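J.: Please model the complete structure; the sequences and the hints are all you need to start from.
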Amino acid sequence: MPERTPEDRLREEYFDLLPEIQRVAENLEAEIRCNILPISRRLHRFEQVVVKSRVKECNSAVDSLRRRQKGGIFLPHRPQAYTLLDLKDLAGARVLAFPRALLTDLHEVLRHQFSRWDRDPFQGDPLEKVGYKYSGFLDKVSNRVRGEFQIVSMLVGLFWDVEHSTIYKPTPELRGVEQSLPMRDRTQEVLSSLAAFEEEFETFRNEVRKKTKKKRKA
Amino acid sequence: MTERMEKEQLLRKAGYSYDPDREAYVNRKTRKIFSVDYLEDHDTSEITRKIQEATQGAKWTFIFNDKLPDAVKRELTKLLDA
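Protein sequence lines correspond, in order, to chains A and B.
Position in the first sequence (from 1) plus 348 gives the number in my numbering.
Position in the second sequence (from 1) plus 5 gives the number in my numbering.
Calculated directly from the structure, the hints in this document are not laboratory data.
It is possible that some hints are incorrect.
Okay, the calculated bits of chain B under chain A, using three or more residues with CB under 8 angstroms as the criterion [what the hints assert, rightly or not]:
1) 25 to 34
2) 50 to 60
3) 65 to 74
This one's a predicted model, so the numbers in the text were calculated from it and none came from an experiment.
For every residue, glycine included, the Cβ atom is placed at its ideal position computed from N, Cα and C.
T.: Right under this line is the structure:
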C-alpha cells in the first residue's frame, strides 16, 4: 500500500473538521448580521449591505496551507507537522457595502464586537484602503477552528467573486496566477478604478444632498 | 512602465517563466528560481545582479526572502526536475 502523503492526511482532517467549520461560518454570519442591524435598518434606497459566509473547500484549504510553507511544498517525511487548523479562514464571512463610505461605520461596530480578534490587513494593503480583515475564535462555537471576516466595498467583493469563480475555481492549476508580477499590477489597477468610481459617485451624491437640503430650506 | 512590469520584462528576457504552482519565476537552463516575494522586495538592479550571478553547476539556486532548509531544497529540486 502506498504511503499516505501530507495531502491525504490533510484531506482526512478536513472532513473531520467540516461540521465544526460549518458551525463557525453559520455563527459568524449570524453574529455579524445581528450586530450591524442598526446600520442595515437605516440604509438609503441606493445603499446596500450584504453579508455572505462560506466554508473553504477541501482542495482549496490544502493548497492554501501548502503555499504558506517554505518553498511552497509539504515535506513528505513529516506529514504530522501540518494541520489545517493553522489556516485563519477555514470559515469566513464577507460584509459587502455600497457605497464605500459605509465601510467605516460597519468597521466601527464590528471591531468593537470582535475586539479580541486579530486585525490582519489584506496582502499588500497595510493602510487598509481595500477593506478590513479580522480573524479569531468564536469562543462558544469552537476553540480550534478560526473564523475570518472581511469588510470590503461591494464592487471589490464582487470583482473578487467573479475573478475566483471564473478563473481559479474551474481551473485549480491556475491558482497562483494572480501572484505573478503583471497580474498583481492589473489587479491593483482594477481596485484603483473601482475606488475612483466610488469616489466620483460619493462626490455626486454629496452635491445632490446639498441641493436637496437647500431646496427644502427655501 | 511600472516597476513590476520592468522586473517581469527583465526576467522574461533572461529566459525565466512564471510557475503559478510555485508562485515563482523559473529558468530551467540556468537552474535558478526567484520567489515572487523576493522579486517584490528587491529592486531591479539587485535582481539583475542575481540573474547574472554565476550558477552552481547542476545545483538549483533558490532566490527567496527566507533561507530554505536543505530538506525543502531537496524536495523542490525533485519537483523542478520531474
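J.: Which hints, by number, does the structure contradict?
T.: 2
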